[in-house]
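Asks: Sequence:
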Amino acid sequence: MINSVRTRIAPSPTGAPHVGTAYMALFNFAFAKKHNGKMILRIEDTDQSRSSKESEEAILSSLNWLGLQWDEGPDCGGDFGPYRQSERLDLYKDSVQKLVDAGYAYPCFCTPERLTELRNEQLGNKETPRYDGHCLNLTKEEIQQKIQAGEKHVYRLKIPNEGTCLFKDELRGDVQFDWKQIDHQVIQKSDGFPTYHLANVVDDHHMGITHVIRGEEWINSTPKHILLYEGLGWKPPVFAHLPLLRNPDKSKLSKRKNPTSIDYYKDAGFLPEAVVNYLGMMGYTLPDQREIFDLQELSESFEIKRMSLGGPIFDIAKLKWLNGRYLREKLSQEDVLQKIIEWKANPEFLSKILPLALNRLETLSDFFPLSHFLLDDLPEYSLEKLIGKTEGLQVAKLLKIAEWEMEKIQKWNRDQISALFQKISQLEDIKLKHLLAPFFVAITGNSVSLPLFDSLELLGPDLTRTRIRIALEKLSADGLGLSKKALKKLEKDYANQYGNRID
RNA sequence: GUCCCGUUCGUCUAGUCAGGUCAGGACACCGGGUUUUCAUCCCGGCAACAGGGGUUCGAAUCCCCUACGGGACGCCA
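With the working numbering, the residue at position 271 of the first sequence is 329, and numbering never jumps.
Derived by calculation from the structure, the hints in this document are not laboratory data. Note that the coordinates shown come from a computational prediction; the quantities given were computed from them, not determined experimentally. For every residue, glycine included, the Cβ atom is placed at its ideal position computed from N, Cα and C. One should not assume that every hint holds.
Said to hold, decoys possible - For each label pair, taking beta carbons as the anchor points, the in silico distance ranges come out as:
| hint | residue 1 | residue 2 | range |
| --- | --- | --- | --- |
| 1 | Trp292 | Ile488 | 32 to 38 Å |
| 2 | Lys410 | Asp487 | 32 to 38 Å |
| 3 | Asn554 | Asn94 | 56 to 62 Å |
| 4 | Pro306 | Asp424 | 48 to 54 Å |
| 5 | Asn122 | Asn94 | 36 to 42 Å |
| 6 | Leu485 | Pro509 | 43 to 49 Å |
| 7 | His430 | Glu185 | 31 to 37 Å |
| 8 | Leu485 | Tyr287 | 47 to 53 Å |
| 9 | Asp487 | Leu436 | 29 to 35 Å |
| 10 | Val394 | Glu112 | 28 to 34 Å |
| 11 | Gly446 | Ser366 | 44 to 50 Å |
| 12 | Gly125 | Ile398 | 45 to 51 Å |
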């Protein structure tokens with residue numbers, strides 16, 4: 059079938075697998091299946107400094123865990139590969155050339171310094187920061203000369219000076235932007251890699267994508283994409299922008315305020331079917347309004363027009379309720395037992411705990427009380443215990459610093475974790491023993507427990523992050539958290555001592 | 001700040017396109033029942049059309065304005 063529906067998900071391998079990715083994947087999947095089409099998975103690894111193989115693997119494996127199977131992708135191949143953008147560079151280079159020839163793009167030699175200065179100036183004048191078209195005035199000869207001299211340059215998209223861009227969003231109808239307020243977006247970076255905007259258009263075209271179903275965050279850059287299709291002489295796909303998942307405070311879902319890693323839900327003991335079901339009821343209701351449904355039921359009855367557009371708040375309480383129903387309605391006791399065993403009651407996992415606990419055992423019955431915090435979702439403890447002998451505000455500060463430092467850990471293991479705490483101990487000039495005290499409580503629920511670093515390794519980054527976040531919330535609720543002002547100051551001091559945060 | 005998108009119970013939503021049933025369901029919460037406790041299960045309750053103007057016999061539904069919320073404004077995606 060030539061005109062069959064093809065959708066895609068295009069995760070960027072720059073971090074932990076995000077539930078937002080799963081959310082988009084779910085509806086791309088459902089839409090494709092509903093129309094007997096295919097869903098393609100494409101890795102958007104055009105950011106050389108941030109992309110990693112580990113992250114790519116983690117994302118594929120998490121989506122697999124959820125059962126959101128794609129028809130073509132880097133792991134399973136397909137007729138439109140390769141499915142990693144870093145392996146398709148020639149294609150983008152050709153397109154840039156085509157765009158330059160057609161007058162839709164131009165090289166820009168401005169230095170990052172000049173651009174920063176320009177930005178600050180515009181910001182100072184309360185203008186929207188935009189490229190000023192400086193390099194648009196270069197003559198052919200000057201360009202030739204600079205390129206030959208090996209000057210670093212990027213390619214920018216040339217936006218019309220006036221007029222409007224009108225496009226149709228499947229869910230919202232006509233959307234209109236003045237070209238005036240769209241920036242001359244970089245489409246090829248100085249390292250020769252394309253930016254998202256170029257790569258996604260080129261790939262969507264070559265991969266035969268018929269429907270681009272993506273997050274609302276992209277709606278503002280759609281005019282640029284439309285222009286790229288025009289410049290390359292291609293027909294744009296159908297666009298549908300889905301609402302963004304939100305934190306309880308209605309901001310875009312973020313790991314600062316909510317567990318956002320798919321792995322968290324796995325580690326915390328949720329069933330993939332329940333997570334998928336829950337995600338499916340965010341912004342969507344089946345025509346018959348049933349609320350327990352699987353991927354297939356969702357796909358069979360899926361009507362994209364039924365998507366509601368208000369950003370749904372991710373409510374863990376409801377997810378838990380749903381998960382409970384799956385446990386007792388969808389599975390037999392044998393099934394549940396098997397799941398528990400596979401989850402954490404397996405010999406592999408328990409045998410990792412044992413060496414930590416052995417010296418502390420007098421009877422076998424000591425084992426589970428000692429290790430329960432590795433099996434719990436969240437441990438319980440009092441605020442007094444958390445603070446201990448440390449000063450309250452100091453506790454919040456240390457937790458926050460650790461939270462930021464943990465984001466920088468590439469490979470989550472004992473050594474890295476140990477190094478992290480050693481570093482904080484030194485820079486904050488606090489004895490390791492005293493530094494660790496509040497962490498023992500936040501992580502294990504007790505001031506006395508199994509060795510912390512090994513425990514953290516076993517617990518994994520996602521459960522760890524959540525426990526630190528919860529501890530911070532407890533402190534705030536009692537007025538011992540960081541005020542807005544204190545946080546600002548801490549951010550600054552942190553950047554000076556530890557380097558920039560990665561969020 | 002500029003632009004774009006959005007707005008029905010605390011939360012997820014049905015109803016909006018084709019204007020006309022006490023605005024329906026679910027989570028959470030509260031109360032009652034079953035259960036040695038708890039949970040499950042069952043029953044009941046609380047609770048919303050953001051505001052203001054139009055159009056109309058009639059507006060949650062169509063139009064306009066305002067407010068509020070979110071997003072975008074990177075050589076990130």
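Asks: Do Asp487 and Leu436 keep their Cβ atoms within the hinted range of 29 to 35 Å?
Replies: Because 31 Å falls inside the window, the suggested range holds.
Asks: Is 43 to 49 Å right for how far apart the beta carbons of Leu485 and Pro509 are?
Replies: violated (23 Å)
Asks: How does the Cβ-Cβ distance of Val394 and Glu112 compare with 28 to 34 Å: does it lie in that range?
Replies: Holds: the Cβ-Cβ distance is about 32 Å, inside 28 to 34 Å.
Asks: Does the Cβ pair Leu485, Tyr287 satisfy 47 to 53 Å?
Replies: Since Leu485 and Tyr287 have Cβ atoms about 51 Å apart, the given range 47 to 53 Å holds.
Asks: Between the beta carbons of Pro306 and Asp424, is the distance compatible with 48 to 54 Å?
Replies: violated (39 Å)
Asks: May I ask you to test the hint 56 to 62 Å on the CB atoms belonging to Asn554 and Asn94?
Replies: Given range 56 to 62 Å: holds, Cβ gap about 57 Å.
Asks: Between Gly446 and Ser366, does the beta-carbon spacing fit 44 to 50 Å?
Replies: The hinted range 44 to 50 Å holds for Gly446 and Ser366, with Cβ atoms some 47 Å apart.
Asks: Verify the CB-CB distance for Gly125 and Ile398 against the hinted window 45 to 51 Å.
Replies: At roughly 20 Å between Cβ atoms, Ile398 and Gly125 fall outside 45 to 51 Å, so the hint is violated.
Asks: Given a hinted range of 36 to 42 Å, is it respected by the beta-carbon distance of Asn122 and Asn94?
Replies: For Asn122 and Asn94 the Cβ distance comes to about 22 Å; the hint is violated.
Asks: Quick check on a hinted range of 32 to 38 Å for Lys410 and Asp487, using CB atoms only.
Replies: Holds - the Cβ-Cβ distance for Lys410 and Asp487, about 34 Å, lies within 32 to 38 Å.
Asks: Does 31 to 37 Å hold as the CB distance between His430 and Glu185, or does it fail?
Replies: Distance hint for His430, Glu185 is violated at roughly 57 Å.
Asks: Is 32 to 38 Å respected by the C-beta to C-beta distance linking Trp292 and Ile488?
Replies: violated (59 Å)
Checked against the numbered hints given earlier, the structure breaks hints 1, 4, 5, 6, 7 and 12 and satisfies all the rest.
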